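Protein chains: 2
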Amino acid sequence: MNPCDTQSVSDPFVSNTTHAPYAPGALDGLTFALKDNMDVAGEIPGYGSPGWKETRATEAVAHAICMEQLLGAGAIYKGKTISDELAYSLLGVNAFYGTPVNPKAPDRIPGGSSSGSASAVAGGRVDFALGTDTGGSVRVPASNCGLWGYRPSHGLISLSGVLPLAPSYDTVGVMARNGEVLDKVIRVLLADDGHTATPRPSLCFVEDIFHITDAEFLSALTPIRNQLSEICPSRTATMADITAPHVDWRWLFENLGYLLSIEIWNSFGAWVTHEKPTLSPGVESALHAYAKGSDRKDIQRRLTLRQTFQRQLNDFLNDGNILCFPTTVAPAPRLSEITPAFYEGEYIPRAMGVNAISGMSSAPQITMPVAEAGGIPVGLSFVAGYGQDRALMALCNDLYTRCAGH
Amino acid sequence: MNPCDTQSVSDPFVSNTTHAPYAPGALDGLTFALKDNMDVAGEIPGYGSPGWKETRATEAVAHAICMEQLLGAGAIYKGKTISDELAYSLLGVNAFYGTPVNPKAPDRIPGGSSSGSASAVAGGRVDFALGTDTGGSVRVPASNCGLWGYRPSHGLISLSGVLPLAPSYDTVGVMARNGEVLDKVIRVLLADDGHTATPRPSLCFVEDIFHITDAEFLSALTPIRNQLSEICPSRTATMADITAPHVDWRWLFENLGYLLSIEIWNSFGAWVTHEKPTLSPGVESALHAYAKGSDRKDIQRRLTLRQTFQRQLNDFLNDGNILCFPTTVAPAPRLSEITPAFYEGEYIPRAMGVNAISGMSSAPQITMPVAEAGGIPVGLSFVAGYGQDRALMALCNDLYTRCAGH
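Residue numbers (the UniProt record's numbering), protein chains in the order written: chain A, 1 to 406; chain B, 1 to 406.
Because the hints were derived from the structure by calculation, they are not lab data.
Check the hints yourself; a few may be wrong.
Each pair may be met inside one copy or between any two copies, as identical chains are not told apart.
Stated by the list, open to error - Computed list of lysine to aspartate or glutamate pairs in DMTMM-like fashion (alpha-carbon distance at most 25 Å, straight line): (1) K276 with E54; (2) K292 with E43; (3) K292 with E59; (4) K292 with E344; (5) K297 with E337; (6) K297 with E284; (7) K297 with E59; (8) K297 with D193; (9) K297 with E43; (10) K297 with D28; (11) K53 with D208; (12) K276 with E43; (13) K292 with E275; (14) K276 with E207; (15) K53 with D319; (16) K53 with D107; (17) K292 with E230; (18) K297 with D192; (19) K297 with E230; (20) K276 with D315; (21) K292 with E207.
Small disclaimer: the values here were computed from a predicted structure and weren't measured.
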């Protein structure tokens with residue numbers, strides 16, 4: 001077993017059982033896939049992990065609530081897609097099931113952990129797919145594969161029938177090729193049939209995230225940023241300006257990383273300790289060295305840091321501000337770059353740190369595919385205040401339409 | 001096995017292992033207990049169910065996050081308390097472990113499912129206890145046992161290391177004998193060290209809930225209600241006035257009951273189907289007849305009803321209104337009343353319906369022990385807007401202090 005085995009697989013599905021919709025509805029004619037950590041009646045949720053399947057998984061007797069909602073609204077279920085092992089990575093590399101191809105950049109990783117869902121949508125196999133996003137697992141693969149991606153306000157979409165990773169941060173998210181489909185799916189999952197006026201907010205470009213973005217991505221984003229500045233009131237600020245002087249991407253990475261690892265050990269600790277399941281060396285090491293090794297006596301201090309950050313950010317967002325920053329600050333790495341040394345580098349901390357803004361605040365985030373850099377998709381993200389999911393979606397569709405070239 | 005075996009037990013604990021605090025803090029000197037559905041390292045979470053313990057439970061390797069927070073703030077852990085079987089009841093009757101005594105009314109049920117936690121606090125065995133509240137499982141036993149009880153805004157207190165029942169509605173709540181201790185514990189669990197001004201809201205007495213309240217409870221509450229009206233701006237309205245014409249306690253009971261049963265089947269369906277665990281006849285029937293039998297094609301329609309209710313109620317609460325109504329609308333039934341016929345009666349639907357206001361809206365609720373009726377505790381509840389937990393606590397302490405006789 002080589003944890004850096006990045007063998008690309010062209011089929012992102014682990015199961016091709018299909019289900020017809022219950023009734024016509026807002027999603028008539030649209031096809032979708034689920035990530036392999038969600039219950040579908042009659043199937044064993046695999047969680048991207050042979051160890052899980054061998055020791056813990058039993059055949060589901062009911063669909064996850066999110067699946068029921070989609071079938072109830074007319075969508076057609078086309079199967080389950082590869083997840084990173086235990087959904088515990090942002091790369092989309094699975095040593096057991098292979099790395100789903102990134103259709104937009106076949107020599108690069110798709111991103112994860114909702115890797116197969118991103119691959120299936122970007123490859124045109126389905127119209128949209130659900131994934132889970134705990135620390136970036138929908139937004140990162142959406143950005144890498146040139147898709148729209150949505151992480152909801154925490155708690156607004158049911159997690160019932162979805163395997164837990166870190167419950168305080170777990171969300172069910174969506175990927176689609178365009179904003180119209182994404183909007184339809186979000187309305188169904190939020191079960192919200194009210195009207196939402198397109199807001200007239202102020203964009204805030206998060207300067208310190210643009211600052212750590214690779215030059216090629218930055219060049220690709222500059223024209224879009226300039227257009228956005230013309231069509232929308234905008235300003236720039238750093239995360240420190242918005243919240244507190246000590247806050248930057250590294251602080252966000254370190255604190256959300258700690259908080260996730262603590263909850264992940266609550267989710268998996270007893271299992272890996274007592275049942276000694278089959279795990280890849282990478283996940284085994286992450287669980288034992290990192291999750292188990294975190295100092296649990298520090299929980300209260302870290303939760304207080306998080307709570308303060310959340311209050312400060314929400315005060316800013318509830319004033320009508322929308323954050324805007326690159327979803328990932330570098331192109332998806334090449335498959336050949338995923339060596340043991342890669343795991344020690346800055347790619348993962350930077351990707352996690354940027355994606356920790358919404359994880360640390362429970363706020364909703366949408367990434368849009370706005371550009372390409374040397375043929376590689378570039379995603380731009382927008383974050384709104386807690387519960388403003390529908391308004392954020394309306395804004396993103398409005399901005400996308402009004403930017404020239406789309 | 002008799003599902004109506006209400007044998008009272010004087011010891012509410014299932015485990016007496018203790019843990020010292022990690023460090024001094026805001027909870028110095030205070031002792032607490034946990035409900036038997038929360039992880040304590042080295043112990044098997046029993047979930048009030050021999051079937052669970054036999055087939056699913058393994059020794060926890062880490063404490064639940066809420067437990068870590070309390071130890072980190074100076075509190076002393078004194079043990080685990082009886083839960084209703086799978087936390088699936090509001091009565092506090094457990095056919096396997098017995099019914100923890102209600103120290104304030106020993107011939108009556110304590111209420112559940114956090115029955116042992118309520119019994120331990122009311123009996124002076126600990127200063128406070130944690131329970132879980134999905135449909136009323138902290139508020140009902142707190143009211144029955146003459147305690148303060150708190151259900152948080154959904155998602156604000158970590159559920160990591162707590163066994164899921166219905167994830168979209170599960171919360172970790174607190175019971176204490178006075179509001180000062182409850183306030184201290186809430187601050188720790190919310191990890192919120194900011195200041196909160198005591199708000200000057202408008203009380204809204206929920207007239208249709210007072211209307212279905214038993215006469216003896218109503219008589220006991222009238223002086224308090226009059227006092228509250230004098231010290232606070234107040235009005236009366238029905239749930240229909242506040243939200244929509246079709247909303248009353250029965251609508252709330254039927255819709256939250258449905259939504260809980262759907263998620264409970266996702267939590268337990270595969271287990272009870274494949275492993276055929278030991279269950280009491282009552283829970284077996286509830287799972288198979290009710291949870292399994294619910295029409296899953298109706299999920300989307302019901303979630304939309306819930307979302308609309310939540311928006312309407314939050315619009316009202318965010319205008320500075322606080323709901324006020326009896327926590328339970330009848331005295332805790334006598335142990336001898338718990339016969340098969342009792343389960344067909346109106347007590348459970350009314351108790352669930354009244355407690356569904358916060359479950360259906362994710363809003364926080366606090367019940368205070370404000371009176372007695374023939375020696376039986378009477379609880380009065382207050383509900384604030386989502387996220388206003390600290391302000392609600394401050395208001396309750398303020399009102400309690402200002403009401404004569406306290």
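| task | Can you give me the call for K297 and D28, within, between, both or neither, at a CA distance of at most 25 Å? | result | Result: close only across copies, 16 Å inter versus 51 Å intra.
| Should K292 paired with E43 be assigned to within, between, both, or neither, using CA atoms and 25 Å as the limit? | Between copies, since 17 Å is at most 25 Å while 31 Å is not.
| query | Given identical chains, is K297 near E43, meaning Cα to Cα at most 25 Å, within a copy, between copies, both, or neither? | reply | Close across copies (19 Å), not inside one copy (39 Å); limit 25 Å.
| When no copy is named, should K53 and D107 be tagged within, between, both, or neither for a Cα gap of at most 25 Å? | neither (30 Å within a copy, 49 Å between copies)
| Should K292 paired with E344 be assigned to within, between, both, or neither, using CA atoms and 25 Å as the limit? | within (19 Å within a copy, 48 Å between copies)
| Identical-chain pair category, K297 with E337, by Cα at 25 Å | Neither: 37 Å inside a chain and 46 Å across chains, both beyond 25 Å.
| task | With 25 Å as the alpha-carbon cut-off, assign the pair K297 and E59 to within, between, both or neither. | result | between (38 Å within a copy, 20 Å between copies)
| message | For K297 and D193, with the copy left unspecified, which applies at a CA distance of at most 25 Å: within, between, both, or neither? | response | between (44 Å within a copy, 18 Å between copies)
| Alpha-carbon proximity context of K53 and D319, limit 25 Å | Answer is neither; intra-copy 47 Å and inter-copy 50 Å both fail.
| task | Go through the copies and call it for K297 and D192: within, between, both or neither, with a Cα cutoff of 25 Å. | result | between (41 Å within a copy, 17 Å between copies)
| query | Is it within, between, both or neither when you check K53 against D208 at 25 Å Cα-Cα? | reply | This pair counts as neither: shortest intra-copy Cα distance 42 Å, inter-copy 51 Å.
| request: Using 25 Å as the alpha carbon limit, work out where K292 and E230 are close: within a copy, between copies, both or neither. | output: Intra 49 Å, inter 55 Å, cutoff 25 Å: neither.
Hint check: violations occur at hints 5, 11, 14, 15, 16, 17, 19, 20, 21; the rest are consistent with the structure.
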